[in-house]
Amino acid sequence: MALIDAIWVNGVSWFLVVFGLVGPLYLFFGYIGLTGFRTLTQYEKHDTFYYRLNPLTKIIFTIVVAFVVAVTDWTIDLLVAVILLATYLTLKSGLRRLVLGGALAFASVVGLAWYYAANTPYGLLMYVFYHICVATPAATPQPPSAAWSALFTPVWKWATYFEILGYQPVLTTQGLNYGLQVSTRVAAVLICSMILVMTSTPSAILRTLGKIKVPVVLIFALVVGMRTVPRVFDTLDTTVKVQFMRGYGSKQNSFTRVFYLFGGALTGIVPAMTFLFRGARNTAISADTRAFRAYKGRTFLKPFSFSRVDYVFFALTIGLIALAIFANLYGFGRAIPYAAVGSSCGATSTG
Amino acid sequence: MLTVDSFHVVDGEVALIIGKSGGGKSTLVNCFNGVIPHIFRGNDPGGVVVYGNVVKETPLPKLSTMVGTLLQDPETQVLNYTVEEEIAFGPENLMTPPEEIRERVDQAIATTGIEYIRDRETSVLSGGELQRVALAAVLAMHPKMLIMDEPTSNIDPEGTARVFQTLTGLKGKNTLVIVEHKLERALHFIDRVVLVDEGKIVFDIEKAKLVDHIDDLHAAGIDVPEHYLYAKRFKMDPADIEAIRQRIATEGLVLDTPRRSSGGKVILEAYAHVEVPGKVLVDAELKLKEREVLAIMGRNGAGKSTFLKTVMNFLDKELTAKSSLMVNGVDLSRKSIQERGRYVAYVPQSFDLMLISKTVEDEVSYSLRKRGVKDYRSQTDEFLKLFGLQEFRRRDPLMLSVGQRRRVAMAAALSSGVKIVMMDEPTSGQDFYHKEIIAKEINMLKGLGYSFIIVTHDAKFVYRYADSMAVLDAGKKVLEGTPEEVFASSQQYAVIPPTEYYLRNRDIPIPELGMLGI
Numbered sequence: 001m002a003l004i005d006a007i008w009v010n011g012v013s014w015f016l017v018v019f020g021l022v023g024p025l026y027l028f029f030g031y032i033g034l035t036g037f038r039t040l041t042q043y044e045k046h047d048t049f050y051y052r053l054n055p056l057t058k059i060i061f062t063i064v065v066a067f068v069v070a071v072t073d074w075t076i077d078l079l080v081a082v083i084l085l086a087t088y089l090t091l092k093s094g095l096r097r098l099v100l101g102g103a104l105a106f107a108s109v110v111g112l113a114w115y116y117a118a119n120t121p122y123g124l125l126m127y128v129f130y131h132i133c134v135a136t137p138a139a140t141p142q143p144p145s146a147a148w149s150a151l152f153t154p155v156w157k158w159a160t161y162f163e164i165l166g167y168q169p170v171l172t173t174q175g176l177n178y179g180l181q182v183s184t185r186v187a188a189v190l191i192c193s194m195i196l197v198m199t200s201t202p203s204a205i206l207r208t209l210g211k212i213k214v215p216v217v218l219i220f221a222l223v224v225g226m227r228t229v230p231r232v233f234d235t236l237d238t239t240v241k242v243q244f245m246r247g248y249g250s251k252q253n254s255f256t257r258v259f260y261l262f263g264g265a266l267t268g269i270v271p272a273m274t275f276l277f278r279g280a281r282n283t284a285i286s287a288d289t290r291a292f293r294a295y296k297g298r299t300f301l302k303p304f305s306f307s308r309v310d311y312v313f314f315a316l317t318i319g320l321i322a323l324a325i326f327a328n329l330y331g332f333g334r335a336i337p338y339a340a341v342g343s344s345c346g347a348t349s350t351g
Numbered sequence: 352m353l354t355v356d357s358f359h360v361v362d363g364e365v366a367l368i369i370g371k372s373g374g375g376k377s378t379l380v381n382c383f384n385g386v387i388p389h390i391f392r393g394n395d396p397g398g399v400v401v402y403g404n405v406v407k408e409t410p411l412p413k414l415s416t417m418v419g420t421l422l423q424d425p426e427t428q429v430l431n432y433t434v435e436e437e438i439a440f441g442p443e444n445l446m447t448p449p450e451e452i453r454e455r456v457d458q459a460i461a462t463t464g465i466e467y468i469r470d471r472e473t474s475v476l477s478g479g480e481l482q483r484v485a486l487a488a489v490l491a492m493h494p495k496m497l498i499m500d501e502p503t504s505n506i507d508p509e510g511t512a513r514v515f516q517t518l519t520g521l522k523g524k525n526t527l528v529i530v531e532h533k534l535e536r537a538l539h540f541i542d543r544v545v546l547v548d549e550g551k552i553v554f555d556i557e558k559a560k561l562v563d564h565i566d567d568l569h570a571a572g573i574d575v576p577e578h579y580l581y582a583k584r585f586k587m588d589p590a591d592i593e594a595i596r597q598r599i600a601t602e603g604l605v606l607d608t609p610r611r612s613s614g615g616k617v618i619l620e621a622y623a624h625v626e627v628p629g630k631v632l633v634d635a636e637l638k639l640k641e642r643e644v645l646a647i648m649g650r651n652g653a654g655k656s657t658f659l660k661t662v663m664n665f666l667d668k669e670l671t672a673k674s675s676l677m678v679n680g681v682d683l684s685r686k687s688i689q690e691r692g693r694y695v696a697y698v699p700q701s702f703d704l705m706l707i708s709k710t711v712e713d714e715v716s717y718s719l720r721k722r723g724v725k726d727y728r729s730q731t732d733e734f735l736k737l738f739g740l741q742e743f744r745r746r747d748p749l750m751l752s753v754g755q756r757r758r759v760a761m762a763a764a765l766s767s768g769v770k771i772v773m774m775d776e777p778t779s780g781q782d783f784y785h786k787e788i789i790a791k792e793i794n795m796l797k798g799l800g801y802s803f804i805i806v807t808h809d810a811k812f813v814y815r816y817a818d819s820m821a822v823l824d825a826g827k828k829v830l831e832g833t834p835e836e837v838f839a840s841s842q843q844y845a846v847i848p849p850t851e852y853y854l855r856n857r858d859i860p861i862p863e864l865g866m867l868g869i
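Chains A and B, in that order, are what the protein sequence lines are.
One point on numbering: in our numbering, the residue at position 306 of the first sequence is 306, and numbering is uninterrupted.
One point on numbering: in our numbering, the residue at position 120 of the second sequence is 471, and numbering is uninterrupted.
The hints are simulated quantities; they were obtained by calculation from the structure and are not laboratory data.
Please read these numbers as outputs of a predicted model, since none were measured by experiment.
A couple of the hints might just be wrong.
Claimed, not checked - Far from chain B, by Cβ distances over 10 Å, these chain A residues were calculated:
#	residue
1	Leu56
2	Thr62
3	Thr90
4	Gly111
5	Pro169
6	Ser203
7	Ile212
8	Gln252
What the hints assert, rightly or not - Reference listing, derived: stretches of chain A covered by chain B, where coverage requires no fewer than 3 residues with Cβ under 8 Å from a Cβ of chain B:
#	segment
9	9-23
10	224-236
11	257-271
12	293-299
For glycine and all other residues, C-beta sits at the position ideal for the given N, C-alpha and C.
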C-alpha cells in the first residue's frame with residue numbers, strides 16, 4: 001500500500017511539474033516556433049481601426065491597460081486579455097495572429113502561474129490574502145498544523161523531496177490564485193503591447209515618440225529593435241535548421257522535438273547574434289551618415305494628427321479606467337495589498 | 352593600417368577605387384565621410400579635408416550634408432518601413448521643413464527612377480530596388496559627394512545595371528567615389544582608377560591608362576576583363592568590345608573555352624512548389640548529375656533560394672510548400688531535415704550561421720559526432736587536411752578571417768558524409784581572389800566525386816566553372832542547358848552573359864556597355 005501511495009504521489013507530482021514546465025515550452029518552441037514569434041513582432045500593412053490609430057493612442061492605451069490590470073482581480077485581467085486577444089481578428093492574417101498570440105499568452109499564464117503557485121512562500125500568501133504579517137520565516141505556520149489549515153485550502157501535497165527544489169510542501173488554492181493574479185497581468189499587457197508593434201510602422205512610432213519629446217537615442221534604439229527582432233527570429237530559425245541538417249536531433253520524436261528546438265536555439269544564439277551585430281554596424285553607419293542625432297528634435301514628412309478613430313479609442317480607454325474603479329468598488333480589486341505609508345502591516349487594506 | 356601620402360578628388364569627378372578585400376579601400380573612403388574617426392573611434396584620418404572641412408574636426412551630421420554614403424548590403428542600411436519614410440529620414444534629421452522634405456523626396460525618387468515603388472514597404476522590395484531606395488535616401492541629403500562602398504555586391508545583374516544607370520545619370524552633378532569589385536561594370540563612366548593594396552595606393556591613373564597597368568592589377572589579385580588583354584595587345588580602345596571581337600577573329604585567334612563535364616548518371620531529382628495566397632513563388636524541378644556543377648541563376652526574387660530551402664525542408668512553415676527529393680534512388684520527400692542532411696548539405700549565403708562550436712575541430716566533427724560515427728577523429732582530421740585547416744583546429748571559428756570561416760563551414764557541411772552540396776550565393780560580396788579560391792575548391796571536390804547546385808548572380812563564375820545551368824523566372828524554370836546554350840537567350844530573364852562569352856560567340860550581339868554580365 002505504501003508503495004502504491006509513493007508511486008501515486010511521485011507520479012502525479014511529476015506529471016504536474018512536467019505540465020507546468022513542458023506545456024509552456026512546447027507552446028513556445030513546438031507550436032509558436034521562431035517563425036511564429038516573428039509574425040507576432042512584425043508590422044504588416046493593413047487597413048482596420050488599429051492601423052488607423054495614432055501610435056500615441058496605442059501607447060496610452062497600453063499604459064492604461066497595464067494600470068488597470070495592476071489594480072484589479074485576475075478575473076478582470078483575464079477578461080481584458082481575452083477581449084484584447086479577440087481584437088487580433090481585425091489584424092492582417094488575424095486568425096493566425098490570434099492563435100499565435102493566444103498560444104503565447106496561454107503559455108505565459110501557465111508557466112508563470114505554475115511557478116508562483118508552487119513556489120510562493122506561505123508567509124507571503126498570508127500577507128496577500130489575509131493581511132497577516134509573519135515576523136520570521138520560522139514563525140510561518142506549516143502544514144499540517146491547525147494554524148496553516150485554518151488559512152489555506154490544500155490542492156495537492158508534493159512528494160517530500162520537492163521542497164529541495166524550492167516548492168512549498170502543499171499546493172494551495174491561494175497559491176494558484178496568486179499565480180493567476182501575476183500571470184494574467186503579464187498576459188494582458190503582453191497582448192496589448194504586441195498590438196502596438198504589429199500595427200505601427202517603426203517610423204510612425206519614431207514620429208510619435210519624437211513629438212512627446214522622448215530622447216532621440218532611445219527612440220532610435222526602439223526603432224532599430226523593432227526592425228531587428230523579426231530578423232533575430234529568422235536568423236535563429238536558420239541556425240537551428242542548419243544544426244538539424246548536420247545531425248542534431250536525429251533521434252528526436254514528436255515529444256522530444258521541442259527540447260531539441262530549444263537546445264538548437266540556445267546553441268545558435270552566438271552565431272546568430274554575431275551575424276546580426278555585423279549588420280548592426282552598417283545600420284549605425286547608415287543612420288549616422290544621414291545626420292541622425294544632428295539635433296535634439298526632428299521634423300517630419302507626414303503630419304502628426306489624431307483622427308475620429310483616435311477619439312473613439314480615447315473614450316474606450318476612459319471606459320477601461322472606469323471599469324477598474326468599479327471593479328475595485330465591487331470587490332474585484334487587486335489581491336495584493338500594499339502597506340500605506342506609515343501604517344503597520346496588519347493595518348493595510350486590500351485596495 | 353592604411354598609409355596615404357597624398358590623394359585628391361576633384362569636384363564632379365568619378366573615381367573608381369579597386370583592390371582586394373582587406374586591402375584598405377573601405378578604410379580610405381571611411382576617412383572621407385567621417386565614419387573614421389566619428390564612428391570607428393581610435394583611428395586617425397590624418398589631414399583629410401572635404402569641401403574645405405577638416406574631417407576629424409567636423410561633426411558627422413555636418414559632413415553628412417556634404418558626403419553621402421551608400422553601403423554594400425541594402426538590407427542593413429534601410430531602417431524604415433516604407434520607401435517614402437526611408438528617403439525622408441535624412442532630411443527629417445536635419446530639421447528640414449515638411450514642404451522641403453517633400454520636395455527632396457520627390458526629387459530623389461525621380462532621379463533614381465523608383466516612382467513605381469514609392470508607396471511600397473521596404474521589406475518586400477528586391478535587392479536592386481532596395482539599393483536604389485538606399486541611394487535615393489542618400490541623395491535626399493543633397494550631398495555634393497557620393498561614396499559608394501561596393502554598392503552592387505549583393506544584388507542581381509539587372510539591379511546592378513539599374514544602380515549603375517542611376518549613377519551614370521549623376522555624373523557631372525555629383526562627385527562620385529565608387530569602391531567596386533565589378534571593374535567591368537563601372538569602367539564605362541568613370542574618370543579615374545585608383546588601386547589600393549596592402550594599405551597603400553598602388554596607382555592613381557586616368558581611365559585611359561588602365562590598359563598600361565594590367566600587370567599591376569594582376570599582381571594585386573584583381574580580375575582584369577579579358578578584352579582588356581586583347582585591347583592592350585592590339586592597341587585598341589578597350590571600350591569597343593565589338594571591334595576587339597572582330598580583331599580576334601581576323602587574327603585567327605582561337606580562345607580557350609571552359610571545359611564542362613557532360614555526363615554521369617542523375618543522382619538528384621528535386622521538385623519544389625511554394626505558394627502564398629494568390630501567387631505561386633516556385634514551381635520547378637531540377638536534376639543533378641554525378642560530379643556536376645549546376646548553377647541556378649535568375650532575378651532577385653525569382654525563387655532560386657526558395658527552391659533550395661524547400662528541397663532541404665528549411666522553408667518558413669507559414670508558406671504552403673510541396674517538394675520531392677530523390678537522391679541516388681532514395682526517396683527523401685517525406686523525410687526530416689536530419690535525414691535529408693545525410694545525403695545533401697546546404698550551405699546558406701550567411702555561412703557564419705553554421706559556426707556554432709568553440710573550435711574548428713569541434714565544428715568539423717559536429718555532424719560525425721551527432722550521427723554517432725565511431726572513428727570521427729580520423730575523419731575529422733581528413734576534412735581538416737582537405738581544407739587546409741589543421742593549423743586552426745583549436746581556434747574559435749568565428750574569430751577567423753572570412754575565407755577561413757567559409758572553408759570551416761564547407762568542411763563542416765561535407766563531414767556529414769554527403770556527396771551533394773547546395774550553396775546559396777557563395778560568391779556574393781567576394782572579391783576575385785576569394786572567388787578563385789572557391790572555384791578551385793569546387794573543382795577539387797568535383798574530382799573527389801562531389802556534385803554541386805549553386806545559386807548565384809555571378810555570370811562570369813558560372814561561365815568559367817559551371818557544367819550546366821538553369822534560369823528561374825517568377826518561380827519557373829525557363830532555361831536549362833550548358834552556359835553556352837543558356838546565355839544565348841538568357842538576357843530576357845535578366846541573366847546577362849559575361850564579356851568572355853561574347854568574345855567567344857561572335858554571332859551573339861553585344862549589349863550596350865554597362866549591361867554586360869560580370
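Requested in this report: Confirm or reject the statement that A/Pro169 sits farther than 10 Å, beta carbon to beta carbon, from all of chain B.
Outcome: Nearest chain B Cβ is 42 Å from A/Pro169, so the label holds.
Query - Cβ contact check, 8 Å cutoff: the segment 9-23 of chain A against chain B, three residues minimum - result: violated (count 0)
Query raised in the report: Should the label of A/Gly111 as a non-interface residue stand, given a Cβ cut-off of 10 Å to chain B?
Result: At roughly 23 Å from the nearest Cβ of chain B, A/Gly111 sits farther out than 10 Å, so the non-interface label holds.
Query raised in the report: Quick check: the segment 224-236 of chain A, covered by chain B? Criterion 3+ residues, Cβ under 8 Å.
Result: holds (count 3)
Query - Status of A/Gln252, Cβ more than 10 Å from any chain B Cβ - result: At roughly 8 Å from the nearest Cβ of chain B, A/Gln252 sits no farther out than 10 Å, so the non-interface label is violated.
Query raised in the report: Just checking, A/Ser203 versus chain B, shortest CB gap more than 10 Å?
Result: Its Cβ does come within 10 Å of chain B, the nearest being 4 Å, so this is violated.
Query - No chain B beta carbon within 10 Å of A/Thr90's - result: holds, 18 Å
Query - Non-interface claim for A/Leu56, where every Cβ of chain B lies beyond 10 Å - result: holds, 17 Å
Query raised in the report: Are there three or more residues in the segment 257-271 of chain A whose C-beta lies closer than 8 Å to some C-beta of chain B?
Result: holds (count 4)
Query raised in the report: In terms of Cβ atoms, is chain B entirely out of 10 Å range of A/Thr62?
Result: Non-interface label on A/Thr62 holds, nearest chain B Cβ at 20 Å vs cutoff 10 Å.
Query raised in the report: Is A/Ile212 truly not at the interface, in the sense that its beta carbon sits beyond 10 Å from all beta carbons of chain B?
Result: Holds, because the least Cβ-Cβ distance between A/Ile212 and chain B comes to about 16 Å, which exceeds 10 Å.
Query raised in the report: Counting residues of the segment 293-299 of chain A whose CB is closer than 8 Å to a CB in chain B, do you get three or more?
Result: n = 6 at 8 Å, threshold three: holds.
Hints 6, 8 and 9, counting from the list given before, are not met by this structure.
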